[in-house]
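Visitor: Start from the sequences and build out the full structure, keeping to the hints where you can.
Protein chains: 2
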Amino acid sequence: MADSQTNSAWATLLDVGRPAGGGRRLHDRLAHALRTAIRDGRVTEGAAVPPSRVLAEELGCSRWVVTEAYGQLTAEGYLSARVGSATRVSWAPDPPPRGSRGRPSRTASARPPVRYDLAPGLPDLRAFPRRRWAEAVRSVTGSAVHYDLGLPDPAGHAAPRETVAQYLRRSRGADASSESVSVCSGVTDGLVRTCRALRAEGIGDLAVEDPGWGRLRDAATSAGLRVHPVPVDRDGLCVDDLARTPARAVVVGPAHQFPTGAVLSPARRAGLVHWAREVSGFVVEDDYDSEFRYDRHPVAVMQGMDPARVFLLGSVSKTLSPALGLGWLVAPPAMAPALRAANPVAAAPPVLDQLALATFIDRGWYDAHLRAARRRFRTRRDLLVATLGARLPHGRVAGTEAGLHLLLYLPDGTDTRAAVRSAAAAGLRLADLDDYRTAPSARRALVLGYGNMGDTDILPAVDLLRRVLRTPPRPHEGAHPAAP
Amino acid sequence: MADSQTNSAWATLLDVGRPAGGGRRLHDRLAHALRTAIRDGRVTEGAAVPPSRVLAEELGCSRWVVTEAYGQLTAEGYLSARVGSATRVSWAPDPPPRGSRGRPSRTASARPPVRYDLAPGLPDLRAFPRRRWAEAVRSVTGSAVHYDLGLPDPAGHAAPRETVAQYLRRSRGADASSESVSVCSGVTDGLVRTCRALRAEGIGDLAVEDPGWGRLRDAATSAGLRVHPVPVDRDGLCVDDLARTPARAVVVGPAHQFPTGAVLSPARRAGLVHWAREVSGFVVEDDYDSEFRYDRHPVAVMQGMDPARVFLLGSVSKTLSPALGLGWLVAPPAMAPALRAANPVAAAPPVLDQLALATFIDRGWYDAHLRAARRRFRTRRDLLVATLGARLPHGRVAGTEAGLHLLLYLPDGTDTRAAVRSAAAAGLRLADLDDYRTAPSARRALVLGYGNMGDTDILPAVDLLRRVLRTPPRPHEGAHPAAP
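Chains as they are written, first to last, in the working numbering: chain A, 1 to 484; chain B, 1 to 484.
What you were told as hints is all true, and nothing was included just to trick you.
Incomplete in silico selection of chain B near chain A, CB under 7 Å: (1) ASP94; (2) ALA134; (3) GLY150; (4) SER185; (5) ASP218; (6) SER222; (7) PRO266; (8) ALA323; (9) VAL351.
What follows is a list of derived Cβ distance ranges for each label pair: (10) A/ALA86 - B/PRO440: 41 to 51 Å; (11) B/SER441 - A/ARG363: 46 to 56 Å; (12) A/GLY224 - B/ALA386: 51 to 61 Å; (13) B/ARG42 - A/GLY224: 40 to 50 Å; (14) B/TRP64 - A/ARG234: 25 to 35 Å; (15) A/VAL145 - B/THR379: 21 to 31 Å; (16) B/ARG215 - A/PRO460: 49 to 59 Å.
Because the hints were derived from the structure by calculation, they are not lab data. Where is the CB? At the ideal position from N, CA and C, for every residue including glycine.
Guide: See below:
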């Protein structure tokens with residue numbers, strides 16, 4: 001009877017009635033229950049498990065179920081069976097089991113919801129062309145030949161490379177071919193690949209714009225380069241200052257510099273390429289925001305001026321969505337071997353997405369989307385500038401009439417950091433120019449992005465901005481002040 | 001009249017009639033033509049372009065068209081205009097323009113087409129569930145909330161992380177939660193992220209299986225780790241040999257080692273985790289081919305034995321398609337901060353693909369696909385083994401009844417390298433075991449993959465194999481011998 005009680009305890013321990021764990025069949029459920037009991041330390045190392053006949057009776061199942069479960073756990077190393085001896089538990093969880101195991105008790109910080117998004121970096125997510133994108137994916141998923149579903153070319157599928165090359169020649173004046181274009185997951189990915197190739201070519205130092213996008217600095221650093229900040233003024237990167245750094249390569253946003261909004265002047269464009277020739281170096285052109293110019297026709301890429309010295313990076317993150325993870329890299333033909341060799345485990349974006357992008361462009365849907373977006377953003381920018389002028393006369397708007405963001409300079413001494421904090425507490429996302437500088441400056445400014453916001457939200461958002469700029473914030477201000 | 005002749009030459013040079021280049025409007029076409037002429041060196045630096053009125057007459061267009069085009073090229077740095085002076089070309093292509101610029105004249109090596117694919121690494125691409133995958137993408141593209149289309153979480157979207165965690169708990173016996181799972185682009189990506197985190201934790205040496213998958217070694221090296229080969233025998237990784245290396249971490253394929261096909265024995269599973277505890281190190285479990293076991297129920301992952309010491313890597317590359325670029329990484333909870341910090345620019349796969357995977361699993365389509373694939377591959381493996389036994393009696397098949405590949409040992413002295421070459425010339429893809437070893441061995445073997453081939457192709461493929469193993473290859477053998 002003692003035996004029976006012991007085994008009764010086993011039956012309770014091995015609660016196999018619940019189908020939640022480990023499959024549908026009874027022997028799977030039994031194996032799962034026993035495995036869990038061993039992992040939890042409820043059945044300890046060295047303990048004998050009941051003979052299969054006994055446990056089967058106890059559980060009211062066939063003996064086969066138990067031997068299957070025991071066999072499974074023996075294969076997994078939790079049990080060991082020796083001929084002529086009892087089957088025993090051969091595994092123990094790591095002591096002490098507390099804290100280091102199990103799920104972390106992450107209590108999400110209770111952030112107030114974002115009501116108005118004036119932070120830069122996003123296009124209009126509500127205007128993502130869902131129907132056409134889904135149609136492009138459906139179409140290519142049906143029509144792709146089966147070997148397109150095999151191991152992908154790290155530089156991208158041939159068809160989207162050709163389509164992107166055509167697009168860049170036609171719309172951006174680039175010198176691009178399917179051989180010089182790689183499809184990658186975005187500008188960051190493209191920059192990592194480029195930096196690794198530069199390093200393989202003996203270039204260990206890269207100049208970056210200051211202020212600039214921190215992620216580009218991170219990408220370069222993570223690829224093993226040292227970065228050297230170079231100032232940006234209203235004509236873009238201060239090209240003459242490059243000589244003060246040991247860099248033989250520079251990453252630059254000539255079309256619409258982030259975050260200043262400057263466009264690289266004609267003289268500096270030429271000067272930058274001349275610099276690259278003189279130092280036998282390279283320019284990495286981040287074609288950021290180039291699709292959206294409202295005052296004039298977009299300026300062609302610098303890459304066309306010297307395709308042997310200029311890498312070109314672009315993506316659909318600011319035109320369609322960063323969630324698509326699709327971009328491109330145009331490399332000097334002579335750098336193709338270094339690019340391949342320095343990135344042995346680089347992976348192209350999913351092939352079906354690449355093919356969908358090609359279809360989306362080939363059918364004219366990308367151009368149509370850009371035209372509509374350009375009209376939408378131009379109107380929105382004009383509205384934001386007018387509203388800022390009317391409600392915040394002390395602010396001064398800077399940046400070319402282009403892209404998805406502008407700079408709002410504020411009187412010296414404005415506590416922009418506190419303003420960003422108070423705004424966040426009130427549901428308004430903002431960005432401080434200092435966040436993009438390598439060192440803080442006395443010239444205070446906010447970087448305002450108007451891509452991801454409705455036109456009707458601009459007035460209340462600016463009014464909220466005026467309020468947080470006026471009110472000095474109290475420490476630990478409440479999360480929900482009065483609605484605007 | 002001289003003027004007119006000169007300008008006539010300009011009109012010829014600037015052939016704006018062809019609408020191919022640079023947009024639809026006439027001033028775009030003129031700018032494109034002039035830009036191209038400057039880049040090609042046909043119009044040289046310092047040359048004055050005709051006054052806008054003159055060129056407009058010559059081209060038969062409005063003067064506005066010419067001033068627009070000139071203005072565009074001035075902004076791009078190709079022309080410069082000074083008040084009271086002619087507009088001049090201010091740009092010159094880099095001398096010498098030959099060779100270093102333009103498209104590389106890549107003549108694709110004329111490879112014979114692949115008729116039979118017996119190389120390992122691919123699932124059955126013809127069986128990719130196109131309709132259901134397209135339906136999953138369509139569904140999530142319509143239903144995703146708009147902020148899911150914003151900046152993606154580098155660790156993956158919350159919903160697919162939860163779905164993958166459930167799947168791994170249910171089907172693989174893993175200890176996984178949405179917090180410990182990251183969605184990544186595959187096993188290579190997961191290993192790179194893991195290795196970077198290990199390095200940040202002070203672990204600079206990683207043991208790898210020998211023979212093993214070279215891409216895993218490349219991933220570890222590219223993340224800055226030193227790799228140390230450790231032998232594999234018929235019980236899997238020789239765990240005792242780990243002590244001879246300085247490694248405190250190891251990457252291992254317990255379910256079905258590639259390329260030997262060994263399954264890690266129960267004693268070694270336990271021994272490996274004990275080793276990790278002793279050296280305060282980590283096991284990185286590559287759950288390769290685990291879905292396809294034909295002789296018994298799949299063995300649960302080792303990760304469940306000690307989730308604080310075992311990283312788990314998996315993907316759909318061998319079950320659905322490598323072209324999807326979707327995988328997962330389960331990390332010890334205590335390693336989450338290091339994982340994040342060491343991978344500042346890591347990008348998750350495209351969000352819509354992640355959401356599609358979650359839908360594909362949640363609707364039961366993944367399980368259904370695996371069940372059908374298991375039946376298909378089991379039949380195909382049996383057929384291949386039987387055919388090899390009948391046609392190649394000198395070969396010996398090794399490897400557990402699992403996965404998508406097997407080893408074919410051949411008599412000592414067989415020139416497997418030459419056989420692979422001759423086979424390729426005859427349209428049969430093969431892989432030599434030596435290609436996965438860090439040093440050649442006297443024991444000759446081929447790694448045969450049967451994932452990506454039709455059942456009816458097995459007999460002709462094996463007959464072709466028999467032929468290339470019999471015939472010593474001639475140097476520079478012709479690409480197309482007689483059909484089998």
